[in-house]
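Participant: Here is how the chains run, residue by residue.
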Amino acid sequence: MTELWYVVGFAVVGVAFVFLVLGLSWLITHRNRGDEHKGRPYESGIDTYGDTWGRFGISYYIYALLFVAFDIEVIFIYLWALVFRDLLLAGFISMLIFVAILLVGLGYAWRKGVLTWK
Amino acid sequence: MTWSDVTLIAPLVAALLVAFAIIVVDAIAPHRDRIAVAVGLAGLAIVAVLTVWTDQAPGLAFGGAYTVDTLTTYLDLIFIAIVALTVLVGPDYLGPRDLPVAEFAATLVFAMTGAMLIAGSADLLVLFVGLELMVLPGYLLAGYAKRDALSTEGAIKYFLLGSFSSAIFLFGLAYVWGLTGTTRIAGVADAIAAAQGLSPALAMGVAFVTTGVAFKIAAVPFHYWTPDAYQGSPTPVTGYLSVGPKVGAFALIIRVFVEALGPINADWLPVMGVLAVLTMTLGNLVAVTQTNVKRMLAYSSIAHTGYILVGLTAYAADPNSGGLEAVLFYLAAYSFMNLGAFAVVSALQKRPGVTSQLDTFAGLGRREPYLGILMTLFLLSLTGIPPTAGFFAKALIILSAVQAGGWVPILAVITVLNAVAAAFYYLRVVVYMYMRDPQIEPAEVDHGPLLRLGVAVAAVATVILGVLPGPLIDAATKAASSLFRG
Amino acid sequence: MANSLDAYLVLSGLLFATGTFGFLARRNAISMLMSIELMVNAVNLTILAFGAFLPALKDHASVIALIVITVAAAEATVGLAIVIAIFRNRRTPLVDEYDAMRQ
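Residue numbers (the working numbering), protein chains in the order written: chain B, 3 to 120; chain V, 892 to 1377; chain Y, 1219 to 1321.
Bear in mind the hints are in silico, worked out from the structure with no lab data behind them. All of these numbers come straight from a predicted model, not from anything done at the bench. Note that CB positions come from ideal geometry on N, CA and C, so glycine has one too. Please note: incorrect hints may appear among the correct ones.
To give an idea of the interface, some chain B residues facing chain Y are shown, with a C-beta separation under 8 Å as derived from the structure [claimed, not checked]: (1) Tyr63; (2) Leu67; (3) Val70; (4) Ile77; (5) Leu81; (6) Ala83.
Pulled out of the complex, with its shape left as it was, chain B reads as follows:
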């Protein structure tokens, strides 16, 4: 039963934290007092134009691809972390090899200029 209360406590604290931060930022920010420009995402500079359905440059997708490829490998790291204590040194070395393989891939992408913003 204690586990359940942990969960409830966590949920309450989590939700409270969100409202706390929102409330704090509401307290310290300027509020829109009738000035149209104050309501915009950027007060200064040129006015924003177009709607949010505009197309993104293709460069974003390449970063997204790299992100998906590397992010999903975290699945194995989570599992490894769960049983880390039982795996001892062999488990640690296995994970080092796994991460090293990923690093070779990342290094290659870097060297090939994939990470340069074009």
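We have chain B already, so just place chains V and Y on it with the hints.
Facilitator: Only chains V and Y this time, still in chain B's reference frame:
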């Protein structure tokens, strides 16, 4: 993990290291294609040596998930030969088009690792991971000329149909696993044998597995992606795609159907028989109408899938008919002759802009006698005329179908009829090479030494298997007898 | 029926069928890719359902599902890369218009 686990998977680890070595070399010294190719070929030689070495002490690794038996070794050596030949042929085509050679070699070696994993899998999950590791680099290779509209178009069709079929295959595997309670191939076979007959749910699982596999080997009516994927890809890639993933998919069929589903071979026998007839007949009929040699060879590769399926049907009807041995021999012979034919097409296309239309071949016998003779050899072998590898391959398939008994000898008759029909379109290319004059006299093409070596190796293998098939037939027999049979 | 293995298998079967239909009916390469992902997720649901209801399969189910997720992600990455390449050439994600080789 024990020491024997490590030694048994040594060829796989070595193959991965070779791929890494190529990309590391490319990262340190970009655009030094010769170094990358040299590293790749030397690495492949080491992998081959390790493969033969592990065969000295066969066994199961990782608690029965991976197996090294004579079949694994046999198939692994075919994969290594396929990738080595493609690495030899590729640079001559890629170089003039400014496509990176090192990444090409590395991607091929990654795909080879996947194929080797399939060949040695004793577990359905390992098999699936191997399958994906084999096909994913294949999709990238199909779209390798990324500025070329045809290449990317072929790649997207190959990818969409390929991952669609992977999902279907996986759905079937999930049911086979859920209902038999194990992913081990031997365990699945035992469970199916103990159940004595298929439950409806398991039958559905097997049906999904069969459909997924039929897509992978491009059996009719699941072949629609093949012509576009093959025609669009850069020619050396087409050569690889027509043999590498195909041999890999047949390795998968042997592991899944012959081993895991072996106890119910009477159930999948008629399916294979029907697929075989449809595949070879339709492949040949459509190939006759093609005027583009790459597309023609794509349809003809569909027909060859049909011939191989005949051997598999013969095995399912009677395990002692020699069908499996015939399949294994055919896979090796087909790899060399088909890669050779594509290597010649790719050599002709060295200058960007040269198409693979039939006209390109007009007068080739006079213009480039060396390539003309070798292309004739490969086409004769694909037709099945002695003394070439293709003759013994077809002969073994037909013999096994005759020996299988029941209705299977009808397949032998259909195979012979198809081989005759195929002769028409293969020999038409020969007619073009020797009896037609080109409309425009093409410029001289200077072929690189690697390409000459690659074509020569494929030709020598095609002739040797045609004159002295004995050793390979023995090896195929040994490989077939090393299979687990529940 | 409510909380049984069959219910989950029917649900995952329906999901798989939805994905298959989407793949066959949609003509946008990205939508087709998403349909394939739906099919793979249906497979994962099947696997986890088997694992949840059959005690003997419990341990294996999650491992298999995680590996399937990883493989599916790798597949999606390769697929998106190819879609980007063809979009740069053709400026359209509609597969009907990829017909340069139609004869």
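Participant: For every hint, state whether the structure bears it out.
Facilitator: Against the structure, the hints:
no. : hint  : verdict
1   : Tyr63 : holds (5 Å)
2   : Leu67 : holds (5 Å)
3   : Val70 : holds (5 Å)
4   : Ile77 : holds (5 Å)
5   : Leu81 : holds (7 Å)
6   : Ala83 : violated (14 Å)
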